[in-house]
Each structure stands twice: as C-alpha cells, then as structure tokens.
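Asks: Here is how the chains run, residue by residue.
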Amino acid sequence: MSTNTGTVEKYRNNFLKEVEANVEEGDWVKMCMQCGVCAGSCPLGKHWAHPPQEIFMMIRAGKREEVLTSDSMWMCTSCYNCIVRCPRELPITHIMHGLANYAKRLGLAPKAQPTAWFSQVFWDNMMKKGRVNELKLGLSLYFKDGIVSGIKESIKHQKLGMNMMKAKRMSPMELFGGHGVKSAGDLQKIIKKAQEIENARLESYGK
Amino acid sequence: MAKHEYSYYPGCSSQKGASGSNLQRSVDTMCEELDVKLNQIPDWNCCSASIGYGGGGVLPRMTLSARNIALSEQHHPDQEIVATCAACWLATKEAQERFEDDPSMMAEANQALAEAGLEFKNKKKIRHMVEVLIEDIGYDQIGSGVKRPLEGLKVAGYVGCQTNRPFGIDGESFENPMYLDKLVDTLGGESIKTYEKKVQCCGGALAFSEPVKSQEMIHGIIESAYDNGADVIATPCPLCQANVEIYQDEINAKYGTKFDMPVVYYSQLISVAYGRDAKDSSLDGQIIKAKKLEKIAGK
Ligand code: SF4
Ligand code: SF4
Ligand code: SF4
Ligand code: SF4
Chain A
1299 MSTNTGTVEK
1309 YRNNFLKEVE
1319 ANVEEGDWVK
1329 MCMQCGVCAG
1339 SCPLGKHWAH
1349 PPQEIFMMIR
1359 AGKREEVLTS
1369 DSMWMCTSCY
1379 NCIVRCPREL
1389 PITHIMHGLA
1399 NYAKRLGLAP
1409 KAQPTAWFSQ
1419 VFWDNMMKKG
1429 RVNELKLGLS
1439 LYFKDGIVSG
1449 IKESIKHQKL
1459 GMNMMKAKRM
1469 SPMELFGGHG
1479 VKSAGDLQKI
1489 IKKAQEIENA
1499 RLESYGK
Chain B
22 MAKHEYSYYP
32 GCSSQKGASG
42 SNLQRSVDTM
52 CEELDVKLNQ
62 IPDWNCCSAS
72 IGYGGGGVLP
82 RMTLSARNIA
92 LSEQHHPDQE
102 IVATCAACWL
112 ATKEAQERFE
122 DDPSMMAEAN
132 QALAEAGLEF
142 KNKKKIRHMV
152 EVLIEDIGYD
162 QIGSGVKRPL
172 EGLKVAGYVG
182 CQTNRPFGID
192 GESFENPMYL
202 DKLVDTLGGE
212 SIKTYEKKVQ
222 CCGGALAFSE
232 PVKSQEMIHG
242 IIESAYDNGA
252 DVIATPCPLC
262 QANVEIYQDE
272 INAKYGTKFD
282 MPVVYYSQLI
292 SVAYGRDAKD
302 SSLDGQIIKA
312 KKLEKIAGK
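Line order of the protein sequences matches chains A and B. Numbered per our numbering, the first sequence spans residues 1299 to 1505. Numbered per our numbering, the second sequence spans residues 22 to 320.
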C-alpha cells in the first residue's frame, strides 16, 4: 500500500500538486477562498488544531509534514455541515477523508490516533465477510490497548452489552460466524482489484 | 401486488441481532400497513459507511457501492433503490453521483466488478425511506390510516446529520428540516418545534473512537429534549438512535444527570399509530423503555 516515497520527496515543494493528484477530491483545494465558514462548522471544532480552512491554506503554503501528520482530519465526524455551507461548494468532508487516508498510506498519520485505528478495524472487519460484525468490532474496540485494559473496558461496558443483548440488538452468535455475503470471496476479489488500480495510479505519480 | 415496490438496501445495522434490528422490524410493520414492498438486494454488501476511509481508498469504497447497484440492476431492473440507514443511503447516493461525474472512475469500478462477472450502468435512483413516505405516499395518505393517534405524546424530532446533509429531503432546509415534526403531527402526536438540537451531530462513528468528545454532544442532545418537555426523542437514523440511547448510563455517571430518555424511530411511531402492538412496533427493542408509547400501543 505504500507510495514510492522517493518520488513524493521530489515533489515536496509542490504539495498542492501532490494533493491534487493523489488525494480524494484534492483538485478542489485551490478553489477555497478562505472565507472561514467551514472553520466554525465542525462539531468537534475545539479539538481541531487546524480547522479545514487552515488546512487548505497550509496545503497551498507547502506545509506537507504539518498537514499529513496532523490529528485534525481525524476529528471529522462526517456531519456535512461544511459542505452545505461552503460558498465555493468544496467537498470538504471528502477532502478530509482523503487527506486522512493519504497520510495513513504514507505512514504519516499520528500513532495511536483512535479514529485512524478504528476506521482500519472497521474496514478489516467488513472485508472479512462483506458485512460489519458489530460484536467483534465492539470487542476489538475494548481490547485495543491490550488484554488487561481490554478486560477492564469490557467490564465497564458490560451493562451496555447486556442491555443490548436483552433487547436482541447484539447477538453472541456473531462471534461464531455471523452475517456475511454469500460470495465474500468474490467481493474480496473485486475490492482487491480496485485497490490495485488505485495503488498503481498513486505509485505512478511523479514518474 | 403491493402499491409501491423498491429494491431494498437494508445495511448491516438492520440485520437480525444487530443494533438497528428494531428499526428493521418496525419498518417491516410500517411497510405492511402502507402497502410497500421492499425486495432485498440479494447478497448486498456493506458500503463502509463514512468511516471506512482509514482502511479503504476512494475507489475501493466507491466500488463497494457499485456492487450493490450492480446487483440491484440485475435483480430488480425496474425498481429504485431504497435505504433506511442514513449512512447507507448517503454512501450509495454519493457513489452514484461520483460515478456520474467521473466516467473514468466508473470504468475502473466496472473493471473491478468484472473480477466477479458483474457490471453496472449506474442508472438507479437512490432514495431514503423518508422520501418514499413523503413523496410517494404523502402526509395525507399516511394521516388517513391512523387508527390510534399519538395523543399527548411530546416528541423531540432528532433528524441528525446524514439524513439531512448533504442531500437532505427535497424542499426542506438544512438548518431546520420540518418533515419529522410534520410526520409526528400527522400521527396525532405533538412535535416540539423549539427543540434546538434537531440537526446537531452526535459524533457518528466517532462515538466509538472518541467516546468522551462525542458523549459531550450527546449530552446536549438529550438535555435539550428534557428542557423542552419531551416524552421521547424520535429519529430516522440507526446510528443516531443507538448513540443517543445506549450511552445514557455512561453519561449519567460522568455528568451526574438522571437521563432516562427513550429514543425511537419514526417507523415505530407509525406502527403504533396504525394500531399495531408494542411487539410489532419493536418497542421491546428499546433499552430505555418508551413507556408512554407502550401505553398508547396497549390501548
Ligand atoms: S467554507 Fe469553503 S471557501 Fe470558505 S474557507 Fe471553507 S473551504 Fe474555503
Ligand atoms: S464534515 Fe468534517 S470537516 Fe465538515 S464540518 Fe463536519 S466535521 Fe468538519
Ligand atoms: S452504513 Fe452502516 S449499516 Fe449501512 S451498510 Fe455500512 S455499516 Fe452497514
Ligand atoms: S447524527 Fe450522528 S449518527 Fe446520525 S447521521 Fe449524524 S453523525 Fe451520523
């Protein structure tokens, strides 16, 4: 999944170009007119070191390290407040997702960032059977810091789990298989192919 | 034959034994009453919601939706796709639009689908169940079937984010969509027009990864329902429902509150108003019992 860091290195001075080529909806960044509307739109705004407006400015200023190692994009809740308000109609939500994905691909995403970790677990969980297994997803969440703290977390949330089971909204059967698509193998083949196409495109950048 | 028929994308959370299974059960009841037939897309897969981006790049994510669209085209050629989960609807509709805008991405997705002998033409309309209710059936029609008005039930209509943005429901505003309130009133209930957290984000998937930050927002959503005298919060979205209902114990422990606010789906309200019992309306699926609604259902 890694992009050739050598070629990327060569383009360090033109981070905007790199974003335009490699980041989801990245070609929109140059359209930002720095009005600041999006900066006040994020529900977790106070936890963003750099709100979207600032990130777009930093991309244009070539601050590659600072942007890609930032925790900020990972604070996006996908609420779409920004998209419906932006006067230039930038797909801000998708650019945030795209930057997060790109940073993670390059190994630059902050270590132990909980949402970076969770989104990967979610993806892996889903890819196994083609559908999300909520029980395993929940368990891996509690065990993310290792077995001891995992047990502590599980106990803390035990009541929640019991409540969900009583209401038949969480099934222990999920642990032994659970829901899935019949042709999970086919689905994996399809997604693997899509990944190959995408990776090839990213790797050809700058060559 | 049913009056309205659709190709249905239920989503993971609506499966048997999953967190939104109570949504599914009440949707089934509601559709029975409204003569709507939902044909499940055979072997549908997860769309990876709005949180898959950490693991999947844009093409693999869009291709997940392309497979569902392909299967729908194959099995239900003349039916529009309908979803009940906000995230499913959003992801599928977004993919549909992006493929339309970007033929090369669509060609790549078809190249990937070919690995399993599939192909899609991207000619499907992707709709939310709420659109079916409002546009295909209509408030008047819905109102005419009410057997047991939700008299005296004060409802805080919590629309949340993704049923509302970026697409929303035609003719509604992003800041103050009225359809949920109108639906409640149509059913004989009392919508709370002053509920100011109607479109406040609950944290979405970050309720899992950033529980403290998200619970601060959820706290506000529930507090405002109490301040406005609500008996119940109603929502169209399975993740909103779960997020606002299941963490109330944890929030109480942290904030010293005594929250015990039931959170139900519009489909449960309709089922009860149409005279169905608590079980058919999946009220047994509540973690926080909707006592007032149960009482109406028991009448
Ligand atoms: S709202 Fe749009 S134009 Fe304004 S700063 Fe944000 S991205 Fe730029
Ligand atoms: S979608 Fe993300 S970037 Fe946009 S307002 Fe919401 S949190 Fe901020
Ligand atoms: S959005 Fe949620 S419910 Fe819908 S398919 Fe994806 S994981 Fe499943
Ligand atoms: S309110 Fe919460 S769960 Fe509902 S759509 Fe928004 S973020 Fe998702």
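Heads up, a few of these hints could be off.
Claimed, not checked - Ranges between beta-carbon positions, derived for each pair: (1) Lys-1315(A) / Gln-61(B): 44 to 50 Å; (2) Arg-1358(A) / Asp-122(B): 46 to 52 Å; (3) Pro-170(B) / Ala-1410(A): 48 to 54 Å; (4) Lys-146(B) / Lys-1490(A): 27 to 33 Å; (5) Ser-194(B) / His-1345(A): 53 to 59 Å; (6) Gly-1334(A) / Lys-316(B): 48 to 54 Å.
Stated by the list, open to error - With the Cβ distance kept under 7 Å, some of the chain B side facing chain A (calculated, not the full set): (7) Gly-73; (8) Gly-76; (9) Ile-155; (10) Cys-222; (11) Val-233; (12) Gln-236.
Everything labelled a hint here was simulated from the structure, so no lab data went into it. C-beta atoms are modelled at their ideal positions from N, C-alpha and C, and glycine is treated no differently.
Asks: Each hint should be assessed against the structure and marked as holding or not.
Replies: Hint check:
Under the hint 44 to 50 Å, the C-beta atoms of Lys-1315(A) and Gln-61(B), about 45 Å apart, fit the expected range. One distance hint, 46 to 52 Å for the beta-carbon pair Arg-1358(A) and Asp-122(B), is violated here, with the actual separation near 24 Å. Distance hint check for Pro-170(B) and Ala-1410(A): the Cβ-Cβ separation is about 53 Å, which falls inside the suggested range of 48 to 54 Å. Between Lys-146(B) and Lys-1490(A) the C-beta distance comes to about 30 Å, which sits within the given range of 27 to 33 Å.
Checking the proposed 53 to 59 Å range against Ser-194(B) and His-1345(A) shows it is violated: the Cβ atoms sit about 28 Å from each other. About 50 Å separates the C-beta atoms of Gly-1334(A) and Lys-316(B), a value consistent with the hinted range of 48 to 54 Å. A distance limit of 7 Å between C-beta atoms decides the matter here; for Gly-73(B) the minimum to chain A is near 5 Å, and the interface restraint holds. The beta carbon of Gly-76(B) is positioned within 7 Å of a beta carbon in chain A (closest approach about 2 Å), and the interface hint is therefore held.
Contact between Ile-155(B) and chain A, as hinted, is not supported at the beta carbon level, the nearest pair being about 20 Å apart and thus beyond 7 Å. Checking Cys-222(B) against chain A: minimum C-beta separation of about 4 Å stays under 7 Å; hint holds. A hinted interface residue such as Val-233(B) counts as satisfied when its beta carbon comes closer than 7 Å to some beta carbon of chain A; here the least separation is about 10 Å, so the hint is violated. About 12 Å separates the beta-carbon of Gln-236(B) from the nearest beta-carbon of chain A, more than 7 Å, and the hint is not met.
The earlier numbered hints that this structure contradicts are 2, 5, 9, 11 and 12.
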